[in-house]
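I would like the entire structure built from these sequences, with the hints used as guidance.
Take a look at the letters that make up each chain.
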Amino acid sequence: MPLRQGGCVQPVISIQQLSKVYASGHTALQTINLDIHKGEIFALLGPNGAGKTTLISIICGIVNPGTGKVLVDGHDIISDYRAARARIGLVPQELFNEGFESVLATVKFTRGLFGKPANPAYIEQLLRDLSLWDKKDARIFELSGGMKRRVMIAKALSHEPQILFLDEPTAGVDVELRRDMWNMVRGLRERGVTIILTTHYIEEAEEMADRIGVISKGEIILVEDKAALMHKLGKKQLTLHLQQPLTHIPEALANNYPLELADSGHALVFTFDVQREHTGIAELLKDLAQQGIDFKDLQSSQSSLEDIFVNLVRSRA
Amino acid sequence: MNFYAIRAIYLFELARTWRTLLQSIATPVITTSLYFVVFGSAIGSSMTQVHGVSYGAFIIPGLIMLALLTESISNASFGIYMPKYSGTIYEILSAPVSYLEILIGYVGAAATKSIILGLIILLTARLFVDFEILHPFWMVAFLILTAVTFSLFGFIIGVWADGWEKLQIVPALIVTPLTFLGGSFYSINMLPPVWQTVTLFNPVVYLISAFRWSFYGVSDVSVGISLAMILGFLALCIGAVAWIFKSGYRLKN
Chain V
1 MPLRQGGCVQ PVISIQQLSK VYASGHTALQ TINLDIHKGE IFALLGPNGA
51 GKTTLISIIC GIVNPGTGKV LVDGHDIISD YRAARARIGL VPQELFNEGF
101 ESVLATVKFT RGLFGKPANP AYIEQLLRDL SLWDKKDARI FELSGGMKRR
151 VMIAKALSHE PQILFLDEPT AGVDVELRRD MWNMVRGLRE RGVTIILTTH
201 YIEEAEEMAD RIGVISKGEI ILVEDKAALM HKLGKKQLTL HLQQPLTHIP
251 EALANNYPLE LADSGHALVF TFDVQREHTG IAELLKDLAQ QGIDFKDLQS
301 SQSSLEDIFV NLVRSRA
Chain P
1 MNFYAIRAIY LFELARTWRT LLQSIATPVI TTSLYFVVFG SAIGSSMTQV
51 HGVSYGAFII PGLIMLALLT ESISNASFGI YMPKYSGTIY EILSAPVSYL
101 EILIGYVGAA ATKSIILGLI ILLTARLFVD FEILHPFWMV AFLILTAVTF
151 SLFGFIIGVW ADGWEKLQIV PALIVTPLTF LGGSFYSINM LPPVWQTVTL
201 FNPVVYLISA FRWSFYGVSD VSVGISLAMI LGFLALCIGA VAWIFKSGYR
251 LKN
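Protein chains in written order, with the UniProt record's numbering: chain V, 1 to 317; chain P, 1 to 253.
It is possible that part of the hints are untrue.
Cross-link-like lysine to aspartate or glutamate pairs, in silico, DMTMM-like; alpha carbons within 20 Å at most [what the hints assert, rightly or not]:
(1) Lys252(P) with Glu160(V)
(2) Lys252(P) with Asp80(V)
(3) Lys246(P) with Asp80(V)
(4) Lys84(P) with Glu94(V)
(5) Lys236(V) with Glu160(V)
(6) Lys84(P) with Glu98(V)
(7) Lys235(V) with Glu224(V)
(8) Lys136(V) with Glu168(V)
(9) Lys252(P) with Asp76(V)
(10) Lys286(V) with Glu251(V)
(11) Lys84(P) with Glu165(P)
(12) Lys296(V) with Glu283(V)
(13) Lys235(V) with Glu207(V)
(14) Lys246(P) with Asp76(V)
Simulated DEER-style distance windows between Cβ atoms [said to hold, decoys possible]:
(15) Asn64(V) with Leu173(P): 31 to 37 Å
(16) Lys235(V) with Tyr99(P): 48 to 54 Å
(17) Asp273(V) with Trp160(P): 58 to 64 Å
(18) Tyr99(P) with Asp35(V): 26 to 32 Å
(19) Phe141(V) with Gly163(P): 18 to 24 Å
One-sided excerpt, in silico: chain P residues whose CB lies under 7 Å from chain V [claimed, not checked]:
(20) Tyr4
(21) Ala5
(22) Phe12
(23) Gly87
(24) Tyr90
(25) Glu91
(26) Ser94
(27) Ala95
(28) Pro96
(29) Thr176
(30) Lys246
(31) Gly248
No wet-lab data here; the hints were simulated from the structure. Just so we're clear, the structure is a prediction, and the values are computed from it rather than from any experiment. Just so you know, even glycine gets a beta-carbon here, dropped at the ideal spot from N, CA and C.
Following this line, the structure appears as structure tokens:
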């Protein structure tokens with residue numbers, strides 16, 4: 001969970017008035033203001049081309065910012081770039097690697113690049129944790145896609161960063177590796193590492209993240225605690241499986257409740273807002289009885305983060 | 001100063017040389033040996049001395065310079081182009097490393113490789129002809145200065161290139177012709193007066209002339225002017241690299 005000092009959540013990354021227009025004229029980021037809290041898992045969601053990778057690339061130093069300011073643990077990414085970058089590890093979306101290098105050599109190279117002295121014991125443990133130790137002398141091009149992804153993670157963690165960026169880390173990854181990866185992310189969070197991830201697997205963000213940010217067309221359109229977001233924007237549905245199918249919803253019900261027929265008239269779906277104190281379920285059930293509509297079963301479901309995300313982005317389109 | 005980063009880049013680049021020993025070392029040594037056999041022994045044996053030096057010995061500085069220029073450019077341009085091509089440039093750009101440190105790592109490794117190669121060619125030449133080195137200090141100084149300068153030039157080409165063709169085009173169409181026409185195999189005094197004047201616009205003439213002077217004490221142009229030309233080109237390359245890093249040209253955008 002985010003670390004707090006004096007009751008305030010301490011930002012480990014502070015993005016202020018950040019924008020980016022590429023030389024081609026494409027506006028990748030409009031004005032971005034965002035704080036990432038120390039020790040949290042922050043999921044950044046957004047459709048393709050929304051600006052997620054540009055935002056991460058600017059924070060990490062790969063792309064020059066346009067206007068604005070970014071502080072990493074209080075260090076400006078431009079004027080104090082050494083201190084800022086030393087705290088960050090990045091697993092990029094693409095599988096970039098030097099194919100002819102060995103696994104061990106490339107991981108040791110990254111550790112050196114980040115100004116850390118050799119630490120064979122740490123590197124060995126890291127490779128063992130990622131099931132790479134047996135492959136330490138293999139050249140990278142000999143590895144499978146999943147193993148290459150593990151190498152990218154090992155490189156990102158080789159210098160013991162305090163902040164880890166995972167840009168679509170599970171894209172094209174098998175189930176086993178995905179599970180291992182999220183176990184590792186949980187372990188890192190327990191050790192106080194701040195994790196910022198982008199993912200297309202929204203159920204992963206829903207399961208893993210403490211907070212959710214949604215970016216669309218270069219603009220942060222929402223930042224919210226995940227539980228609060230689910231509560232605030234989530235809709236619940238009550239589905240009643242009817243004894244007898246209906247051809248239409250009786251007018252007395254249709255005028256008072258947001259109802260829909262489903263399953264060729266065999267089910268009646270009632271959508272209600274979880275925030276409301278009175279959901280209206282009790283009244284609906286009474287009215288159904290008055291109308292002589294019997295049901296044999298009922299079930300409720302809550303909208304997923306994916307539904308929320310899709311609705312948010314659509315509403316901005 | 002991030003010495004660990006410099007060391008990491010430097011050793012990483014040198015490791016590529018050991019992995020590709022045949023291509024990196026053996027190929028240029030064999031090529032240069034063939035020059036000695038053809039020009040030094042076969043043709044040179046029927047030629048008179050040049051500036052009081054046997055033709056076989058006369059071409060040694062030029063051949064070393066030929067290899068030094070092409071290998072410095074090739075090593076440095078490939079060194080920085082490869083991470084751009086493979087995408088691994090992201091970790092160089094996101095590391096807590098200054099532009100100077102990046103430069104020292106890549107250019108240092110490229111220059112080291114070409115200097116080792118130059119010295120191997122020098123030793124190989126000894127198998128074919130006798131020669132002397134009158135000014136060993138200056139010989140080493142010119143060797144290092146030229147390797148560093150042209151490694152910087154290669155670095156610029158590697159940053160500029162956005163495809164394999166561009167990576168080859170400057171060395172193949174500009175550097176190699178200038179080197180061959182820069183007096184590797186002849187003294188510019190052997191040319192007609194008009195071509196002697198034209199040749200003076202070729203910067204490689206000054207490199208070879210100065211390097212040859214360090215061996216035999218004879219040169220086509222003044223050693224001072226040669227040194228000034230090399231330093232001028234070095235300053236030009238440093239300026240270009242500084243601009244590249246400041247603007248992020250073809251690296252950051």
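Requested in this report: Compare the structure with the hints numbered earlier in the document and write down the numbers of the violated ones, lowest to highest.
Outcome: 1, 5, 8, 29 and 30
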